[in-house]
Amino acid sequence: MISPVAPAVGSRVVRPPGELVIEIEGVTKLYKMGAEIIHALRGISLQIRRNEYLAVMGPSGSGKSTLMNMLGCLDTPTAGRYDFTGKNVAHMIDDELAEIRNREIGFVFQTFNLLPRSDALHNVELPLIYAGVPPHVRHERAMQALANVGLGDRVHHRPNELSGGQRQRVAIARALVNHPSILLADEPTGNLDSKTGVEIMALFEQLYEEGHTIIVVTHEEDIARHARRVVRLRDGLIESDGPVD
Amino acid sequence: MLLREILRMALSSLGVNKLRSILTMAGITIGVFSVIGVMTTVSALRGSIESGLSFLGSNMFQFSKYPTGITLDGNNRRRIDQRKNITLDQAQRYQKLMEDYTDVVCLKAFYRNGAVQAIYGNHKTEPDIQFVGSNEHFLAANQFSIGIGRNFTAADTDLGRPIIIIGQEIVQKLFPSESPLDKLIKLGGRTYTVVGTLAEKGSAFGQSEDDLAVVPITRFLSDFGSANASLNIATQAPAQERYNETVDHAITAMRIVRGLRPEDENDFELYSNDSLIAAFAKVADAVRAGALVISGIALLAASVGIMNIMLVSVTERTKEIGIRKSIGARKVSILMQFLIEAVVISLLGGLAGILFGVLAGNGLALMMKASIVFPWDWAAIGLIVCTVIGVGAGLYPALKAAGLDPIESLRYE
Numbered sequence: 373m374i375s376p377v378a379p380a381v382g383s384r385v386v387r388p389p390g391e392l393v394i395e396i397e398g399v400t401k402l403y404k405m406g407a408e409i410i411h412a413l414r415g416i417s418l419q420i421r422r423n424e425y426l427a428v429m430g431p432s433g434s435g436k437s438t439l440m441n442m443l444g445c446l447d448t449p450t451a452g453r454y455d456f457t458g459k460n461v462a463h464m465i466d467d468e469l470a471e472i473r474n475r476e477i478g479f480v481f482q483t484f485n486l487l488p489r490s491d492a493l494h495n496v497e498l499p500l501i502y503a504g505v506p507p508h509v510r511h512e513r514a515m516q517a518l519a520n521v522g523l524g525d526r527v528h529h530r531p532n533e534l535s536g537g538q539r540q541r542v543a544i545a546r547a548l549v550n551h552p553s554i555l556l557a558d559e560p561t562g563n564l565d566s567k568t569g570v571e572i573m574a575l576f577e578q579l580y581e582e583g584h585t586i587i588v589v590t591h592e593e594d595i596a597r598h599a600r601r602v603v604r605l606r607d608g609l610i611e612s613d614g615p616v617d
Numbered sequence: 055m056l057l058r059e060i061l062r063m064a065l066s067s068l069g070v071n072k073l074r075s076i077l078t079m080a081g082i083t084i085g086v087f088s089v090i091g092v093m094t095t096v097s098a099l100r101g102s103i104e105s106g107l108s109f110l111g112s113n114m115f116q117f118s119k120y121p122t123g124i125t126l127d128g129n130n131r132r133r134i135d136q137r138k139n140i141t142l143d144q145a146q147r148y149q150k151l152m153e154d155y156t157d158v159v160c161l162k163a164f165y166r167n168g169a170v171q172a173i174y175g176n177h178k179t180e181p182d183i184q185f186v187g188s189n190e191h192f193l194a195a196n197q198f199s200i201g202i203g204r205n206f207t208a209a210d211t212d213l214g215r216p217i218i219i220i221g222q223e224i225v226q227k228l229f230p231s232e233s234p235l236d237k238l239i240k241l242g243g244r245t246y247t248v249v250g251t252l253a254e255k256g257s258a259f260g261q262s263e264d265d266l267a268v269v270p271i272t273r274f275l276s277d278f279g280s281a282n283a284s285l286n287i288a289t290q291a292p293a294q295e296r297y298n299e300t301v302d303h304a305i306t307a308m309r310i311v312r313g314l315r316p317e318d319e320n321d322f323e324l325y326s327n328d329s330l331i332a333a334f335a336k337v338a339d340a341v342r343a344g345a346l347v348i349s350g351i352a353l354l355a356a357s358v359g360i361m362n363i364m365l366v367s368v369t370e371r372t373k374e375i376g377i378r379k380s381i382g383a384r385k386v387s388i389l390m391q392f393l394i395e396a397v398v399i400s401l402l403g404g405l406a407g408i409l410f411g412v413l414a415g416n417g418l419a420l421m422m423k424a425s426i427v428f429p430w431d432w433a434a435i436g437l438i439v440c441t442v443i444g445v446g447a448g449l450y451p452a453l454k455a456a457g458l459d460p461i462e463s464l465r466y467e
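Here the protein sequences come in this chain order: U and E.
In terms of this note's numbering, the first sequence opens at residue 373 and continues consecutively.
In terms of this note's numbering, the second sequence opens at residue 55 and continues consecutively.
Just to be clear, a hint being listed does not mean it is correct.
[Stated by the list, open to error] The calculated DSS-like cross-link candidates involving lysine-lysine, where the alpha carbons are at most 30 Å apart (straight line), are: (1) E:Lys150 / U:Lys404; (2) E:Lys373 / U:Lys567; (3) U:Lys404 / E:Lys454; (4) E:Lys423 / E:Lys255; (5) E:Lys336 / E:Lys119; (6) E:Lys373 / U:Lys404; (7) E:Lys385 / U:Lys459; (8) E:Lys255 / E:Lys336; (9) E:Lys336 / E:Lys72; (10) E:Lys240 / E:Lys178; (11) E:Lys119 / E:Lys255; (12) E:Lys150 / E:Lys119; (13) E:Lys178 / E:Lys255; (14) U:Lys459 / U:Lys404.
Don't read these hints as lab results, they were simulated from the structure.
With the hints as constraints, model all of the structure from the sequences given.
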């Protein structure tokens, strides 16, 4: 199948990997579902460096979502080590995790997850509010972030007044506004038509070239092909880890 | 700074469910309204009642068989009914015993044979004027003064002359175009000569004090019978410094004329302006206590309403909470957001209650001719209580919101 979202690999920019951002060592995660214990992750080791563009792939039930929640510091491992920029987050309490999410991680969700009653500007300002950035600085930075994703003229629109692609751009602006170490996207094109999906992936490519570190979790090969490195999961284990072929 | 943002968020989310927010506030409003309304009315009335109750002259106190109208306890009723009347004989012996202290002793008896009307030729008054028997000290004891003509003299009382002093309302009804002096008028089937009129006094508690007719008490008792009459005895101390001394002496004198043994209780009431004001204060306290209980119950119900609506709100906004947490909101930020929402509901409701309560209370006070007051103390207490209610009712829902798992709540649809 020839996909419009898969340009030739040879022509792409590959930036040299920087220092270690994420280091995972022998991480497992157990869930109790009633009487049953589910091994979502069975022992995963992974290193991600600055300037990487990584895709995490796997069928449903492979532990992909669990890994993403853990990478995003929404969850902590049952066992194993997780260092985020040298800090051990495996045993952090909720408020410390919130601090990491606020300053180090920018989330982009499949369903955008914007606050429906707030305009684009307020949505983008929100991480800065929780970071305690003063109003005029916050305002300026949010405006800049929206301009960077091409929505400089839509700042006072509410999510329901924006198209799907525009909503995802707002979400990306929100993810980047606090200058995080990584951009963590979960099926970012899953709720978009293919043309808009292409645009969003082009934006990711641009962000990567500008120097952002990006992790995309997806089950679509076409999306994964945009990354420079692919980690494939199966049954809670890493099946393969290598550059995009 | 973050607090200001959180306050803004709380206000904007209240605006989303305007009707729901207003209905929730209404409970608080009713509770605060009832207490502020009553407190305003009582405060406004207090001033006018205290001046209205000062119907006795300065340094005066009064003995009577019955306590004054304002009383709470009905259980003494039987004991009071069994008291013997204060007779003219007793009153005159009391007067004599008090001679060394004061000359100003006002005896007073009320007309007890039903409603009474004053008649002069074709002119008639309302059928229910106030008609009393008294002596030359009536004016001083009741803070009246003579309009035209003269006051009674000691001789008028001693001799029981058939003369009368009448108030301005009666003057206007009976003598619209002539002088009332030396005219003969009829009251209760008896004829009296008008010797004087009372200067206009106005009204207290909406009741006119100018529809009053006074005849010498000796005449009054012989005309209308002394069998059922119990006299009030008002006594004026010669000076403020000698007031307590005079009261002590007067009580002894009363006990003597009433023939009480040392072990007997007083079988008469003593009251003064102060005791009347204290009696009012007692009633006012009871009304206040009632209002507090009612508003307490209303506020309790309202706080249950707030807690309920906040729990609904937390459930409805689970997704929003998840989003906020995923982008770095700490527990305390989420907690404060919902807590402040509850407090804002409660405070806005309370402010509305204060506003309506002050308006209603002053409206009521104005109808009773009292002056406008603003009960700052109760308003402040009201706002503090509303804050406490908001925190109390919002705490559990807010804790629930703050404790939500970010992954679970992000999945919530």
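Status of the hints after comparison with the structure:
With a C-alpha separation of about 101 Å, the suggested pairing of E:Lys150 with U:Lys404 is violated against the 30 Å cut-off. In summary, the hint linking E:Lys373 to U:Lys567 is supported, as the alpha carbons are separated by about 28 Å, within the 30 Å threshold. A distance of roughly 22 Å separates the Cα atoms of U:Lys404 and E:Lys454; the hinted pair therefore holds under the 30 Å criterion. A threshold of 30 Å between alpha carbons decides the hint, and for E:Lys423 with E:Lys255 the separation of about 15 Å falls inside it, so the pair holds.
With a CA separation close to 21 Å, the supplied pair E:Lys336 and E:Lys119 stays within the 30 Å bound. Our distance criterion of 30 Å between C-alpha atoms is met by E:Lys373 and U:Lys404, whose separation comes to about 23 Å. For the suggested pair E:Lys385 and U:Lys459, the alpha carbons sit about 21 Å apart, so the restraint of at most 30 Å is met. Between E:Lys255 and E:Lys336 the CA atoms are separated by roughly 28 Å; this keeps the pair inside 30 Å, and the hint holds.
With a CA separation close to 43 Å, the supplied pair E:Lys336 and E:Lys72 exceeds the 30 Å bound. Distance hint between E:Lys240 and E:Lys178 is fulfilled; the C-alpha atoms sit about 10 Å from each other, no more than 30 Å. With a CA separation close to 27 Å, the supplied pair E:Lys119 and E:Lys255 stays within the 30 Å bound. At roughly 20 Å between alpha-carbon atoms, E:Lys150 and E:Lys119 fall within 30 Å of each other, so this suggested pair holds.
Taken as a hint, the E:Lys178 and E:Lys255 pair is honoured in the structure, with Cα atoms around 21 Å apart against an allowance of 30 Å. Proximity of U:Lys459 to U:Lys404 is assessed by CA-CA distance (about 28 Å); at most 30 Å being required, the pair is judged to hold.
In summary, the numbered hints that this structure violates are 1 and 9.
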